[in-house]
Amino acid sequence: MSQSYDRGTVEDFGRWKEFSAGMWAWIFHKFTGWVLVGYLFTHIAVLSTATQGATTYTQTIRGLEALAIVRVLEVGLLAVAVFHILNGVRLLFVDLGVGLEAQDKSFYASLVLSGAIVVASVPTFVSGAF
Amino acid sequence: MAEHYSSFNRGNTRWFLQRITAVFLIGVLAFHFMLLHFVNHAAEITFLGTQARMSQVGYFGTMIAFLVTATFHGVNGVYNALINQGLEGTQKQAVKWVLVVASLVLVAQGSRTALYMAGIIA
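In the order they appear, the protein sequences are chains A and B.
Take the first sequence: its letters are residues 0 to 129, numbered as in numbering that gives the first Met the number 0.
Take the second sequence: its letters are residues 0 to 121, numbered as in numbering that gives the first Met the number 0.
Simulated from the structure, these hints should not be mistaken for lab results.
Given the structure is predicted, the values throughout are model-derived calculations rather than measurements.
Mixed in with the good hints there might be a few duds.
What the hints assert, rightly or not - Taking lysine-lysine pairs in the DSSO-like style, the calculated list, with each CA pair at most 27 Å apart, reads: (1) Lys16(A) - Lys29(A); (2) Lys29(A) - Lys95(B); (3) Lys104(A) - Lys29(A); (4) Lys104(A) - Lys16(A); (5) Lys29(A) - Lys91(B).
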């Protein structure tokens, strides 16, 4: 079963206090999706240094990983990816009609779990950079 | 209960393919992060290590499938988000073909890079 709702104009961000959990989930999923697809193109561009030889590839990866800002951005990428995965699982269940009554709670759970995973991963991601 | 929002019209082909690729990507993206940040640290990556992984047929095939599905899922998501924002007519056609070409270039370049990484071409 499919229902549609008049959600108004999302660009009218002055309405943000009126947004429901479902609206925030939609906005966050869209934002994280844009970041991930942008990163995919950047990622392939960086990895393409492998076509220039083994040394160029290794030096490029190691040079980038030596920069503290890159490590911080990687933590951001992890946060974006983990939320997109967890909220994506939530969306699959919603589309299957499972847990519809608790979809606001499952959105909050996605946020909390994403935060916990990211915080727990920070030491591994920034190790040796500072 | 919160309302359900989506950029997709449920039931159409693009919606279905987005869900199918999502199921695959959930597992592979998590595996990719685990392998290259926790098992092998990103800062310690070398070409030889990459080549050792990419020389395994199963890993190589998984990474190619990852590239293709991630590109489709990402670009299909962008296309549907733009349609959801009101894109139509000539602009919709133009955006569609720009995204198709960008996807093909990305998959071609990613596959070419994977062949170099596996040592199949040098």
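Hint consistency between lysine 29(A) and lysine 95(B) [alpha-carbon to alpha-carbon, up to 27 Å]:
With a Cα-Cα distance of about 18 Å, the restraint between lysine 29(A) and lysine 95(B) holds, given a limit of 27 Å.
Does lysine 16(A) pair with lysine 29(A) here, judged by a C-alpha cut-off of 27 Å?
19 Å, holds
Taking 27 Å as the top limit, are the C-alpha atoms of lysine 29(A) and lysine 91(B) close enough?
With a Cα-Cα distance of about 19 Å, the restraint between lysine 29(A) and lysine 91(B) holds, given a limit of 27 Å.
Run the distance test for lysine 104(A) versus lysine 29(A): straight-line Cα separation, threshold 27 Å.
It holds: about 19 Å lies between the C-alpha atoms, which stays within 27 Å.
What's the verdict on lysine 104(A) and lysine 16(A), does the C-alpha distance respect the 27 Å limit or exceed it?
18 Å, holds
In this structure, none of the earlier numbered hints is contradicted; all agree with it.
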